[in-house]
Structures are given as C-alpha cells and as structure tokens.
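*Asks:* So the chains spell out like this:
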Amino acid sequence: GESVGLHLPTLSVQEGDNSIINCAYSNSASDYFIWYKQESGKGPQFIIDIRSNMDKRQGQRVTVLLNKTVKHLSLQIAATQPGDSAVYFCAENPHQTGANNLFFGTGTRLTVIP
Amino acid sequence: NAGVTQTPKFQVLKTGQSMTLQCAQDMNHNSMYWYRQDPGMGLRLIYYSASEGTTDKGEVPNGYNVSRLNKREFSLRLESAAPSQTSVYFCASRAGTIDNEQFFGPGTRLTVL
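From first to last, the protein sequence lines stand for chains E and H.
Under this note's numbering, the first residue of the first sequence is numbered 1, with each subsequent residue one higher.
Under this note's numbering, the first residue of the second sequence is numbered 1, with each subsequent residue one higher.
Be a bit skeptical, because a hint or two may be false.
As the list claims (entries may be wrong) - Okay, derived cross-link-like pairs now, DSBU-like style, lysine-lysine, Cα gap no bigger than 35 Å in a straight line:
id	chain 1	residue 1	chain 2	residue 2
1	H	Lys-57	H	Lys-9
2	E	Lys-56	H	Lys-57
3	H	Lys-14	H	Lys-57
4	H	Lys-71	E	Lys-42
5	E	Lys-71	E	Lys-42
6	E	Lys-42	H	Lys-57
7	H	Lys-57	H	Lys-71
8	E	Lys-56	H	Lys-14
9	E	Lys-56	E	Lys-68
10	E	Lys-71	E	Lys-56
11	E	Lys-42	H	Lys-9
12	E	Lys-42	E	Lys-68
13	H	Lys-71	H	Lys-14
14	E	Lys-68	H	Lys-57
15	E	Lys-56	E	Lys-42
16	H	Lys-71	H	Lys-9
17	E	Lys-71	H	Lys-57
Honestly, the hints are just simulated from the structure, not real lab data.
Assemble the whole structure, with the sequences as input and the hints as a guide.
*Replies:* Structural data, given as structure tokens:
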C-alpha cells in the first residue's frame, strides 16, 4: 500500500494556541490530499482538502499547506479549542486505481490542555 | 438525510462464526468502501465498489467478501471469523469520479473470541 506517514504520533497544545500537524507522503503521483478528524468512538470527519495545483488552502480556523518539493503536508488549526481534541489523519490519492482510492496515514492524536 | 449508516454498532463473534456488516448511504453516491481500523493505526481498505455492479479488492481483502446490493447498499461478510479480524469497521461513500472526500459511517466494533 501507499506510505503516508506522520512526524509525531501525539501533540499537546494549550487552549488558544495554534496547532500544526504534519504529514509526509511518498508518492509523487499523488495530486489530491485530505485531512480528516476522528473523535473517540466516531467515524472520520472531513476537515479540508487540497489539490496539487495549490500550495495553500484555508477553511474556518484551519489551513492546509502542501509542499510538493519535499512531499509534505501540514494542517494548521488556529486558536485551538478543547473540541479540537481528536486524532487527525492525512490521506492521499495517488491515482493507482480507477476508483480514486485514498491511502491514510496512521494519525496524530491532538490533546488540547484547558 | 442520514448520510452513511452502519449496522450493527457492536458485535461479538466466536471463532468460525459468520456475519454480515451492513452499510447504506442516502447521498446517491457512486462509490462505496469498507475499511478496518486497528488500534494505533490508520484506515486500511478492505474492498471497494467504484460504481453499482462492480467490486474490487483493496489492501487487506483476505477473509472478507462484499456485495454491492444496489446503489445505496454495500455489505461486508466474514464467512469464518478469526481473532485477527477483531477491529473497528468503517463504511464510506464518495460522490463520483472526480477527486472529492469520502463520507464515513459511525463504525462497527467487532470482537472475535
């Protein structure tokens, strides 16, 4: 399968601080990337996506940065809140199949300290 | 609009028993997926269905079978459960052939004794 890795398995931040979650991917053919949030006991929930023709995309309190040169993806969460505590996964589509399947990293657990 | 629903939410099986996990989506999506998630790991694709009438193996298909019953429903069957199949199973769906996100169900937590 595709290798999608994360630099840190856990991250703890103070409430109100900004969080940065990193992800490395290995397939240079990947041109679509997604960040998912998974709360305990729930299914993954879409946060934001980015295509390879962009290097930055912003959502509500979240920003995804893509550096294709070093095959690195990051998720920035502004003013982190207790409700942001969850496991965050990056996923990539290397277009290895006609179904545009996603390959997921192992996840980073974000803990927000009140 | 319920999104992606899965039944059951929890299940305990004995080794060798069989069962079917059900998944349905009401978003008129073409593609559907079954993943398993083991502790401390990401999601691994078991089987997928790119469109109604087609199914294909994913990364970890051994010990599983699937049926795309219609556009809405995609079931996963364990014919002879093994302890190694203890996991949380997620179903997902996606709209079409262009790049877009997958929507996930709440998961089924399966324990095989």
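*Asks:* In ascending order, which of the hints set out earlier in this document are inconsistent with the structure?
*Replies:* Structure breaks hint 8 only.
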